[in-house]
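Trainee: Single-letter residue listing:
There are 2 protein chains.
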Amino acid sequence: MQKNNNNFALIMAGGVGTRLWPVSRKDFPKQFHDVLGVGESLLQLSYNRLLDVCPEENIYIISNQDYYQLIKEQLPAMTDDQILLEPQLRNTAPCVAYAVHKIAQKNPDANLIVSPADHLILKQDQFKQVALKACEEAAKHNVLITFGITPTRPDTGYGYIEYDRSNHENGVYKVAAFKEKPDLPTAEGFLKAGNFVWNSGIFVWSIDAIKKSFEKYLPEMNALFDKGSKIYYSQEEERFIQQAYDTCINISIDYGILEKAENVYVIPVDFGWTDLGTWKSIDSQHEKDKYGNSLQGTVLAYDTKESFIKVPKGEIAVVQGLENYIVIYDGKALMICQKDQEQMVKKFLGDIKEKGYNEFV
Amino acid sequence: MQKNNNNFALIMAGGVGTRLWPVSRKDFPKQFHDVLGVGESLLQLSYNRLLDVCPEENIYIISNQDYYQLIKEQLPAMTDDQILLEPQLRNTAPCVAYAVHKIAQKNPDANLIVSPADHLILKQDQFKQVALKACEEAAKHNVLITFGITPTRPDTGYGYIEYDRSNHENGVYKVAAFKEKPDLPTAEGFLKAGNFVWNSGIFVWSIDAIKKSFEKYLPEMNALFDKGSKIYYSQEEERFIQQAYDTCINISIDYGILEKAENVYVIPVDFGWTDLGTWKSIDSQHEKDKYGNSLQGTVLAYDTKESFIKVPKGEIAVVQGLENYIVIYDGKALMICQKDQEQMVKKFLGDIKEKGYNEFV
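Chains A and B are the protein sequences, given in the same order. No gaps in the numbering here: position 274 of the first sequence is 946 in the working numbering, and each next residue is one more. No gaps in the numbering here: position 248 of the second sequence is 920 in the working numbering, and each next residue is one more.
By construction, these hints were calculated from the structure, which means they are not laboratory data. Only a predicted model underlies this, so the values are computations on that prediction, with no experimental measurement involved. Certain hints may be false.
Copies of the same chain look alike in the list, so a pair counts if it fits in one copy or across any two.
As the list claims (entries may be wrong) - Restricting the straight-line Cα-Cα distance to at most 20 Å, the calculated cross-link-like pairs of lysine to aspartate or glutamate (DMTMM-like) are:
1) Lys977 - Asp1012
2) Lys1019 - Asp975
3) Lys902 - Glu892
4) Lys902 - Asp880
5) Lys1027 - Asp961
6) Lys805 - Glu728
7) Lys1018 - Asp975
Construct the entire structure; sequences and hints are all you get.
Mentor: In structure tokens:
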């Protein structure tokens, strides 16, 4: 399969990635970091991955207006027309509505891949094959396609998609239900059942299909962004979007459309996906030394086991006597936390804000 | 007692304070740091303490030539004549010999207080009284006086001085023996005996008395620096000292003279002294929170006990699940170490050098 000029992509890059504090901060969130030390930020990895599927000029990014400079620095090939700036956080439905109506004006026959900026996909070639196939399917049928990750463990940190084993064609399955993050016994049940996959947050649909869904399930939001049809790609776009975002509701595309629509399908995939949502998930991508440590940067470790230590270039860490700890230093903030207490990062951040140390958030 | 124009002081500020890594580094050693966060560096505290005992122009400092700029910044009142620069580390005997011969040229009747730059004395007024008394005694008698700290615990990190309980006058005791750092049972024996004090490294003597001792115990070194008598305070001094240091042996004043001389006396004192030689000794100067932590800088601690956490201004540390740890961050190096493994700092530094990370030493 070849890339098709009707294939478009929307990279969603508006999040803050709070669980990766202190590396991910409001002024420099996760997706702009080279989290894995591979030489490219997660955003750059996402962009380069999509170049295999879409022409360069068909890749759009949507993010908070505060990150405009970061985006220009990291993706200098992108024109301002391709960079959609949100004046405020309004969850994923407005974000998709904005992009869909803007792209519709450029190409009403577009097939659109929607992808978060801050996930990792290791097997790029497999991603390419699946994405091209999904675009083909989306072009042919009035369907909303999701990518579901074949689960390798009963993870309680992801949402699941249940599909109908008997209703499929060409590896594309009809979705039976979306499931919120489960508890462990439920997740174990999902794994055993075999027809549950992780919701990757990657979607593929034709402009026509998703517009129809907006009309049906979020008609006010659809009307709001449809009004801009003659305004997109003009000087007026920024002011129009400011007003639209002032008015529109805060809702996710999952909750607003996918969980309600009848024409939702899933392609179970296995392309080495992780959302890199927590330090533990990042740690799992690293090779370990013989004591089970992953040491990122210049780190000397003594009597230390099963720990994840990360310091930036130009710095050194010397640690002694740690077992099962996460130690992250990033320029101006240091976090030391037991691995099994990693969920406390949210509390740390809350407390930092409450104490007024906003420069560290 | 009043300060006397014959009173001189020599501040020895050439050390690197390796046990306080990473705060103390070769390019910015301990004595130049405001280690306790009181607003003055240890060097500035030492200088200001001696201003009570000597006229300003009689205070000399000796240090490595690399630290000239730091000294000028921290003690702008000092003239270049008062700043003695060593071209290389040669231990304390050459350092005293240089200063003694230089000061002798200015004032052959001088009484000289020799003091390390990097110790802490909490009770400044008591220091003043003892120092003035010692200068008086030194002026009257051909004696070498040391200050011995009345021990409060069987510390194995200090050298001890044994004095002759029966041989004293005016609170000045004849020294019986110098004792190397003891093991714990020996230190406990010293405390029980009652006539053992910690060697503070602070000495008082007349120029005449110490010159006589150099003549007797280190005659070659004495001759070497005596040759400079017409050169000190001239343009030639630097070149002369360069040559003298190339030749002279590396030996401490304790080993070279004090342990051999017959006229060594000690004044047992109790002026709140600590050498601040280790993180533990610095920690002991801090107030603790109700969990026994001392948190220096902006630190949020969770499930953390008996720990010492220190970060510089403009940084934050969030720590969770530490008990009995030392965590020190200083600009470019982070150290995490169990309190009872603090002696490993020397090993850390050795390993850092061996791996060629010299910028962190």
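Trainee: Evaluate each hint against the coordinates.
Mentor: To see whether the hints hold, each was checked on the structure:
1. Taking the closest pair of Cα atoms, Lys977 and Asp1012 come within 20 Å of each other both inside a single copy (14 Å) and across two copies (18 Å).
2. For the homomeric pair Lys1019 and Asp975, the shortest alpha-carbon distance between copies (13 Å) is at most 20 Å, but the shortest distance inside one copy (29 Å) is not.
3. For the homomeric pair Lys902 and Glu892, the shortest alpha-carbon distance inside one copy (18 Å) is at most 20 Å, but the shortest distance between copies (96 Å) is not.
4. Taking the closest pair of Cα atoms, Lys902 and Asp880 come within 20 Å of each other only inside a single copy of the chain (18 Å); across copies the shortest separation is 98 Å, beyond that limit.
5. When the C-alpha separation of Lys1027 and Asp961 is checked against a cutoff of 20 Å, the pair qualifies only between copies, where the shortest distance is 18 Å, while the shortest distance within a copy is 38 Å.
6. In the homo-oligomer, the alpha carbons of Lys805 and Glu728 lie at most 20 Å apart inside one protomer (19 Å), although the nearest pairing across protomers, at 85 Å, exceeds that limit.
7. In this homomeric assembly, Lys1018 and Asp975 come within 20 Å of each other (Cα to Cα) only across copies, at 16 Å, whereas the closest approach inside a single copy is 29 Å.
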